[in-house]
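Quick note, the sequences are listed as chains A and B, same order. First residue of the first sequence: 1, per our numbering; consecutive thereafter. First residue of the second sequence: 1, per our numbering; consecutive thereafter.
Keep in mind that the hints are not guaranteed to be accurate.
Said to hold, decoys possible - With a straight-line cut-off of 20 Å between C-alpha atoms, the simulated DMTMM-like cross-links for lysine to aspartate or glutamate are:
(1) K491/A x D208/B
(2) K233/B x D335/A
(3) K172/A x D94/B
(4) K59/B x E178/B
(5) K233/B x E435/A
(6) K234/B x E224/A
(7) K26/B x E224/A
(8) K181/B x E269/A
(9) K23/B x E169/A
(10) K226/B x D405/A
(11) K454/A x D94/B
(12) K181/B x E435/A
(13) K26/B x D106/A
(14) K234/B x E435/A
(15) K234/B x E418/A
(16) K491/A x E139/B
(17) K26/B x E418/A
(18) K181/B x D140/A
(19) K23/B x E373/A
(20) K141/B x D129/B
(21) K226/B x E456/A
(22) K491/A x D129/B
(23) K228/B x E456/A
(24) K184/A x D140/A
(25) K234/B x E456/A
(26) K454/A x D129/B
These are calculated hints, taken from the structure and not from any lab test. Values in this document were obtained by computation on a predicted structure and should not be read as measured data.
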Amino acid sequence: MRGRGFRAPLVFAFCGVWFVSMASAQVTPERLLNSAKEPQNWLTYSGDYSGRRFSPLDQVNTTNAPSLVAKWVYQTAATGKLESTPLVVDGVLYDTAQDDRAFALDARTGRPIWMYQHQLPGDIRPCCGRVNRGLAILGDKVFLGTLDAHVIALDTKTGNVIWDVVAAEYQKGYSFTVAPLAVKNLIVIGASGGEYGVRGFVDAYDASTGERRWRFYTVPGPDEPGHETWEGDSWKTGGAPAWNTGTYDPATNQIFWPTGNPAPSNRGEGRAGDNLYSNSLLALNTDTGKMNWYFQFTKHDEHDWDATQVPVMIESGGKHLIAQANRNGFFYVLDRATGKLIAANGYGKITWSDSKDAEGRPVARKEASPTLEGHTVCPGALGTTNFMAPAFNPRTSLFYVTARDQCDIFSTAPQPYEAGHAYYGSAYFPSEEAEPYRGFLKAIDPATGEIKWKFEHTSPTWSGVLSTAGGLVFTGDAEGNFIALDAATGKALWHFQMGGAVYAAPMAFAVDGKEYVAIAAGSAVYAFGLP
Amino acid sequence: MALAGATAARGADDRNPLAGDPKAAKAGEFEFRINCALCHGLGAHGGGRGPDLTRAQKKHAHSDAELFQVISNGIAGTAMPANGTNGQGVGMTDEEIWQIITYIRSVEVKAPAHPMGNAAHGKELFYGDANCSLCHMVEGKGGRVGPELTAVGGSRTREAIIDSVRNPSRRLAWGLTESTKEFPQEYETITAVTADGKEIKGAALNEDNFSVQIIDASEQIYLLEKDKLRSFKKSRESMMPIYKPDVLSDKDLDDIVAYLIGVGAK
């Protein structure tokens, strides 16, 4: 088979009907920059560098979406939550599953080409499931971050390991769950471990060799600016992980990477100060990893409101903006050249803040701090949204985000730091006052913060969102449905029951001129298309 | 897993080295809050899922060594997970488990604050005048419309059971739990009118954005697609009648609770 495969492209290229070029073309940095020129491919976690999760494909549209059918299902054999977004390049789909599995499939049929599973030690420290959110691709390699804090380059054609580097000590609570970001010749990746009192970082590795090019510690060390925002030695265990994929602005050569909670997550005692750069958006110079600016969404967080939501680049009225629907319940719009706040508007149930500072940033009420006995604060610890990827559709100019209304009782419990041991300093409980918990897909107008429409789910979902040029929004629900909605109105046009809850985000691709929409649910990956 | 097993085996042979130590009990209270209270409630009084651990009589573990086993290895077939297997790291150390046991012992109520009712009379009421069994099943006997109650006495506090009889809509009971889904289905009341005008009222067995599965008071099951209905209404007013003290006296309710707690402890 393999011997014939080399000749096949030449033979069938002239027929050009059913044949798929076997990924012979490498994914160059230029292809990643110009991904809009190849809408049939999905080259990075959010589809392109802007973070919009918008597919320019329009074959599936508001008229024919009701006739969508399942094209194939791939069973990963993994248990737990599938949080990964596939990549598709020239007819091959690359994806990951729990326990650091990676695989490549024939994107037309779902048939595997190769499978890889990283051998994990028995005592890894995942926070919230043995999950992985996907791969980056560059050249002839895909890149995987692992739960024992390795960064691994796999050959796109075979899944063979090309290089494998250890980024941090997993025994101290470091891990990777994030889909890396490939930029220029760099693989950018951020650490998980905010529940273990790690010192968070964003790393960049040479894609060819695995050599580390730079590291940005999200908690500044002594003599670095921002260090004074930590009490005593608390910076050493300050958390601020970086566990969701950032975005890249070629115009300013900046990577925008979001950070998570300070540690311990729900106890502020002992770490007085703003705790920079936890719960912030960082603008880093791509080549050096030096910080150009930061914006901290939640200062001195005591509610586990990681700001790790995908920052989305949008253009509005000639302005270059970056928008984030934050876990703390506010939708923020910043100037992406300077990090200056343009607007912050609530998009869910919020009780922690009822005022804004001079810059317009929501300020926490003193009474919102967790207490020993516990009291109710909204949103709850899981946030108004969480890691689920949002989408922005430039045609409707709407920002789509999965949201929930849930409040929690936050109580605090002192917990000594011990390396590699859970370090929450807290407990939270769903608050009966707020039952039932409500889940939505909300369409926000970034220009005003106004919610244009909302689709209420039966219960809150962890699904991300895809929007397409076909005028559609795709999302999944906790009950296992994959749903297509009208992007302009929020009307459900089609659904398919996949048999397991959705924790992943959808994406779209095309092979042989046919559009597919794919998403993971339960233990499987599904692809849908027109009959 | 192998490590956890070895730990548990060693612990089981030991007496609690921290027994009676007030400092360990305090540390255990915080560990309990972080690791256990989500299900067993603040103060170990029981929550939505886990039993009240302040009861001296426990269903799965009596000695400290048995408690250590249960915390380390979980209880198969129940929601009680083994230490370190909830996808959140390596779990508690032996010392922390002993601290939690010390804490649990410190909050146990040696003699119930409230004298137990008459379980035999409670059983008569359950299957007789109180009409509980019209909707609820215990040990294979009774109705199907409401939640099955064989285990409820072991997993819910006396106060929670009383509250659910006096105020059935305050916290709706949980029904079906799906393995990958975050929230269980609750016993909500559904009123649907079909295309041909038939009104169906029942408890939700399950629901999603597009379909609903209902059991009505006559134990008929209806499987409905929402877009084919003329109307669909969901209410958090339970179908269970409110039992006020003039209908069911405090003493009779105590007797029913005693019956359920007795069955639940089996």
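Straight-line alpha-carbon gap K172/A to D94/B, limit 20 Å: It holds: about 19 Å lies between the C-alpha atoms, which stays within 20 Å.
Hinted pair K226/B and D405/A, Cα distance within 20 Å: Distance of about 24 Å is beyond 20 Å: violated.
Restraint check for K26/B with D106/A, where alpha carbons must lie at most 20 Å apart: Outside the cut-off at roughly 57 Å; violated.
20 Å limit on alpha-carbon distance, applied to hinted pair K26/B and E418/A: holds (18 Å)
Given pair status - E456/A, K228/B, alpha carbons within 20 Å: Roughly 19 Å between the alpha carbons, so the hint for K228/B and E456/A holds.
Hinted pair K59/B and E178/B, Cα distance within 20 Å: violated (25 Å)
Satisfaction of hint between E456/A and K226/B, Cα-Cα up to 20 Å: holds (14 Å)
Proposed proximity, E418/A with K234/B (alpha carbon, max 20 Å): Roughly 48 Å separates the two Cα atoms, so the pair is violated.
Given pair status - E435/A, K181/B, alpha carbons within 20 Å: holds (17 Å)
Hint consistency between K491/A and D208/B [alpha-carbon to alpha-carbon, up to 20 Å]: holds (16 Å)
Straight-line alpha-carbon gap K184/A to D140/A, limit 20 Å: holds (14 Å)
Proposed proximity, E224/A with K234/B (alpha carbon, max 20 Å): It is violated: about 56 Å lies between the C-alpha atoms, which goes past 20 Å.
In the structure shown, a violation is registered for the earlier hints numbered 2, 4, 6, 7, 8, 9, 10, 11, 13, 15, 16, 18, 22, 26, in ascending order.
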